[in-house]
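Got chain A sorted already, so can you dock chains B and C onto it with the hints?
Each chain, written out:
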Amino acid sequence: MADDSDLLLEVNDLKMYFPIQKGLLRRTTGYVKAVDGVSLSIKKGETLGLVGESGCGKTTTGRCIVRVYQPTEGEIVFHDEGEAVNLNLLARQELKAFRRNMQMIFQDPFSSLNPRMTVLELVGEPLLAHGIARGQELEDRVAEMVNAVGLKVEHLPRYPHSFSGGQRQRIGIARALVQRPKLVVCDEPVSALDVSVQSQVVNLLQDLQSELDLTYLFVAHDMSVVRQVSNRIAVMYVGKLVEVAESEELLRNPKHPYSETLLSAVPRPNPHHAMQRLSLEGEPADPANAPPGCAFHPRCRYMEDICQNEVPELTELTPGRHVACHFADQLQLQGIDYSASIQS
Amino acid sequence: MTESVRHEAGPAVEAAESADVSDREKQELYTASQRQLIWRRFRRHRLAQVSIVMLALLYVLAAFAEFIAPYETSHDFKGFVYAPPAKIHLFDEDGFVGPFVYGLKGGRDESYQRIFEEVKEEQYPVRLFVRGDSYEFWGLFETDLHLFGVGEEGQIFLFGTDRLGRDLFSRVIYGTRISLTIGLVGVFLSFVLGLIIGGISGYFGGVVDEVIQRLIDLLVSIPQLPLWMALAAAVPREWDSIQTYFAITVVLSIVGWAGLARTVRGRLLSLREEDFTVAARVSGVSEWRIITKHLLPLFASYIVVAITLSVPGMIIGETSLSFIGLGIQPPAVSWGTLLQDSQMIANVALHPWLLIPALFVIVTVLMFNFMGDGLRDAADPYSIN
Amino acid sequence: MASDTLLEIKDLMTHFHLQEGIVRAVDGVSFEVRRGQTLGIIGESGCGKSVTAHSILRLVPSPPGNIVNGEILLHRGENGNGDGLVDLAQLDPRGADIRAIRGAEISMVFQEPMTSFGPMHTIGNQIIESILLHQEGVDGSEARELAIENLRRVGIPRAEQIVDAYPHQLSGGMRQRAMIAMALSCSPRLLIADEPTTALDVTIQAQILELMTALQDEYGMAVIFITHNLGVIAEVADEVAVMYLGRIVEQAGVNELFDNPQHPYTQGLLNSIPHIDEAKLARLRAIEGVVPDPYDIPSGCAFSDRCPSFMPGKCDSAMPDLAATGPEHRVRCFLYSEAEEIVTEVADG
Chain A
1 MADDSDLLLE VNDLKMYFPI QKGLLRRTTG YVKAVDGVSL SIKKGETLGL
51 VGESGCGKTT TGRCIVRVYQ PTEGEIVFHD EGEAVNLNLL ARQELKAFRR
101 NMQMIFQDPF SSLNPRMTVL ELVGEPLLAH GIARGQELED RVAEMVNAVG
151 LKVEHLPRYP HSFSGGQRQR IGIARALVQR PKLVVCDEPV SALDVSVQSQ
201 VVNLLQDLQS ELDLTYLFVA HDMSVVRQVS NRIAVMYVGK LVEVAESEEL
251 LRNPKHPYSE TLLSAVPRPN PHHAMQRLSL EGEPADPANA PPGCAFHPRC
301 RYMEDICQNE VPELTELTPG RHVACHFADQ LQLQGIDYSA SIQS
Chain B
1 MTESVRHEAG PAVEAAESAD VSDREKQELY TASQRQLIWR RFRRHRLAQV
51 SIVMLALLYV LAAFAEFIAP YETSHDFKGF VYAPPAKIHL FDEDGFVGPF
101 VYGLKGGRDE SYQRIFEEVK EEQYPVRLFV RGDSYEFWGL FETDLHLFGV
151 GEEGQIFLFG TDRLGRDLFS RVIYGTRISL TIGLVGVFLS FVLGLIIGGI
201 SGYFGGVVDE VIQRLIDLLV SIPQLPLWMA LAAAVPREWD SIQTYFAITV
251 VLSIVGWAGL ARTVRGRLLS LREEDFTVAA RVSGVSEWRI ITKHLLPLFA
301 SYIVVAITLS VPGMIIGETS LSFIGLGIQP PAVSWGTLLQ DSQMIANVAL
351 HPWLLIPALF VIVTVLMFNF MGDGLRDAAD PYSIN
Chain C
1 MASDTLLEIK DLMTHFHLQE GIVRAVDGVS FEVRRGQTLG IIGESGCGKS
51 VTAHSILRLV PSPPGNIVNG EILLHRGENG NGDGLVDLAQ LDPRGADIRA
101 IRGAEISMVF QEPMTSFGPM HTIGNQIIES ILLHQEGVDG SEARELAIEN
151 LRRVGIPRAE QIVDAYPHQL SGGMRQRAMI AMALSCSPRL LIADEPTTAL
201 DVTIQAQILE LMTALQDEYG MAVIFITHNL GVIAEVADEV AVMYLGRIVE
251 QAGVNELFDN PQHPYTQGLL NSIPHIDEAK LARLRAIEGV VPDPYDIPSG
301 CAFSDRCPSF MPGKCDSAMP DLAATGPEHR VRCFLYSEAE EIVTEVADG
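Chains as they are written, first to last, in my numbering: chain A, 1 to 344; chain B, 1 to 385; chain C, 1 to 349.
None of these hints come from the bench; they were simulated from the model.
Since the structure is predicted, the reported quantities are computational estimates derived from the model, not experimental observations.
Don't take every hint at face value.
Beyond 10 Å from chain A on every Cβ pair, some chain B residues (computed) [said to hold, decoys possible]:
hint : residue
1    : L37
2    : H45
3    : G79
4    : A279
5    : P297
6    : G313
7    : D341
Below, simulated SDA-like cross-link-like pairs (lysine to any residue); rule was C-alpha separation at most 25 Å, straight line [unchecked claim]:
hint : chain 1 : residue 1 : chain 2 : residue 2
8    : B       : K120      : A       : P115
9    : B       : K293      : A       : S111
10   : B       : K293      : A       : D213
11   : A       : K152      : C       : D305
12   : A       : K96       : B       : R46
13   : A       : K22       : C       : E239
14   : C       : K280      : A       : D213
15   : A       : K152      : C       : K280
16   : B       : K293      : A       : R67
17   : A       : K96       : B       : P297
Each residue gets a CB set at the ideal place from its N, CA and C atoms; glycine is no exception.
So that you can see chain A by itself, here it is in the shape it has in the complex (with noise of 0.2 Å):
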């Protein structure tokens, strides 16, 4: 990987298996492997996006970066200032503490405020619980942090019923960087909201990475908005990463057949794009009895014999492009076509 002095996260084969129980003595008959074997590493400043259909693991693996999981196994290791911290090795305390550096931002910003809390209580609440700021300072800090997301300082005795979600989102978005994290999981921050305040959420968290200096694990199923935001792309398929890849590299030039076929069910704004899509067939496995070999094989145009047998390692094709499929060198597959759409 990159060399060590601009990593913020390493993630090395995160497992999370979540037992299924069956009967009345809770007998575990299995596991739903949501996520099985993710390794990725995310550089200080960007953003690496993670897409995904529903059930791939993508909120899963988003979720024990934060340690709202205990992973199943796995290491997760944050370079803090020169010093790598294993998030396993943390005592509970110490992972209390840390946990000023990592947060969350939440698809539901329904459920994700608690509806007996004020705008000030939800979002002093971090300052307090860690002891960084209380009274006066703190309101002050909430202040700010308030404005920064474009709210204003009445708002902060209102209380959630009265916000529509966009704006409920902003108190998410506030609530998650009062306290300076270094990494933000955003889990599907924007598709819960309105078409036109998608863009307003986009531009807020844009602008406040480069303000404050933030990276962002930006997890979401749509592609079009995980590019704009992101620096590169993780593609995610039943628990594993299938492609990793800078963002356009991987829209023009997609190296993994689950990748392409994303890439052209992605609906366009534009009723003159000629419909060359590419029919998937079938629908994604299921994450507790995944298919043996690729798990992709039941719905790729291109599987041969070995697909069925051998599960496809993620290696490294060319420098900073990862992807797991036994005939990544070998598939001439079809990504977006720019040239087309600058002219039209």
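Chains B and C alone, transformed into the frame defined by chain A:
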């Protein structure tokens, strides 16, 4: 809470009326806490509001039973066995004289049925604050003042009398005391049990949770009435009425906690997974603060609703047990014991007023259910959207 | 009126009377749906697109909702049903007339198929019930055959087994296919699709859109397609109506609308979304502000408080009319009120 209530008129208020008034109202709405919003929504529920007033009245009756009832529970009027409900008259042959009752003369008709006739010559005006049976008010002082009555000479039996000639109205009023409080005390006990056991179950999870849940399964699978009966039958006969009262509440809550414990556990589990608790945890907020600041307040409204809706079950429980003679023991009076007299169909056919206590049970249960419904609708934090 | 008109809505107003006040969810909407064509309705939450659809089938819960004005004319026409024009707005929402139309002549596909299928009955039984209800002279076993045939047509594998499955046993995509099969079981002339792909993944969404286009060609039905996704609308619609706060603000053929958007709201929407097949912008060109509270709509043009071309004294004083700016293009905006006069002159001359 008053400031939020003014909003009633709604934003349909004409804009001309004054922009800053509606701005202030809006500001009040925006800063209205969850509690205020719940109260506001509850106020829209007319039926629930009526219920709350009626229940409050019933509890007032219970609190001031000695004063409101014209007679003592054990005051038996010889010669007035099974007297029908009194007719209150306003006019006699000469015209308006104000409320009064005629004297009653008992006798038997040709088929030896008991009949009562009004004696037109004897008029007893109904007066307020009359002297009558003496009692000790709340154990504080002795008095013989009653809200209303007709004095020593006449008798007023609003709901008629029972087989010993005791005034049914007075007994119903006294019965209110036991019947209504047993519901509250019973629910309180089962709530404490349910909260502790359900909390343990939901918080620790795993094997503890499993064992407790199976125990609850077992408990709720036993039909309630036989279980009540078995437990109530074990209460020693020689206990006095206060001891029996508490024994019966314990019996009721032993059966009742299971449902509440399950509610508590389920709610706790789902709230623990809510995004805002996750958000708080990610922010480094301590578990203790998450429980006290995030979980409990949200929880409280559900608990209030659950409690309100389980009070009627308790009331019916007491009534049923007392009805079959396993609950409150005479001379203590509850609606259930009063209904014992109506066990025989012949009795009811001849003296239908013996069923009046059942009417009280029905109304109370309905009122509690209406109130619970209203609270439930109001407590849903997102219904405003 | 052109003979290929299937549904004609005139000045429809559906209002909700709530404690907080009156919500004018649909406030004067007029459009036409032609046979075999797809009308796309696009808009953000609260714009009234779903309420419009529900009003057509009289599914708006009443109280609190009421159709307070307007006509919803269904042209039954030459197909031999006899009575020609029916005004759905005049029918009793619980009456036999509207029930005979629902599912038979007009059917609907919802966003979340799980909630539109009853959980206690198999998919097959629900389709069979619909067939038996609306098609005369079909017996039980024939209906079952038809149901299987319908499921097969929407691309459900092993249809003869899936017919006995319960809704929860199917994945989201399969459930939506089954929902479409049910909606099409009586060959309706109009299908209303209310955000049918919003709950689905992109690859599944692509499948469903493809399926719907193919089925429309096969059955020749008209479709009202409701969505908030500009990409989806560009793909499926022949004509597009853009709604904002209960009114249509712009209506045009799909190519015309995307090539030559005229209303500042439409322009804003198209500009604000990230376009995957164009060069990446440093910053998205967002529309300012938020969709107003339904109780607190600005006076004049409802979009005036967010509009970059806002003209003080004009836009905040009156609501502009939806006026023609071209042969198949109508816009509700004062920026084009001169154009409107020219067009009327041309029409007169």
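Tested hints:
no. : hint             : in the structure
1   : L37              : 7 Å, violated
2   : H45              : 19 Å, holds
3   : G79              : 64 Å, holds
4   : A279             : 5 Å, violated
5   : P297             : 5 Å, violated
6   : G313             : 29 Å, holds
7   : D341             : 49 Å, holds
8   : B:K120 to A:P115 : 68 Å, violated
9   : B:K293 to A:S111 : 16 Å, holds
10  : B:K293 to A:D213 : 32 Å, violated
11  : A:K152 to C:D305 : 18 Å, holds
12  : A:K96 to B:R46   : 48 Å, violated
13  : A:K22 to C:E239  : 52 Å, violated
14  : C:K280 to A:D213 : 22 Å, holds
15  : A:K152 to C:K280 : 31 Å, violated
16  : B:K293 to A:R67  : 21 Å, holds
17  : A:K96 to B:P297  : 24 Å, holds
Taken one by one, the earlier hints fail for this structure at numbers 1, 4, 5, 8, 10, 12, 13 and 15, listed in ascending order.
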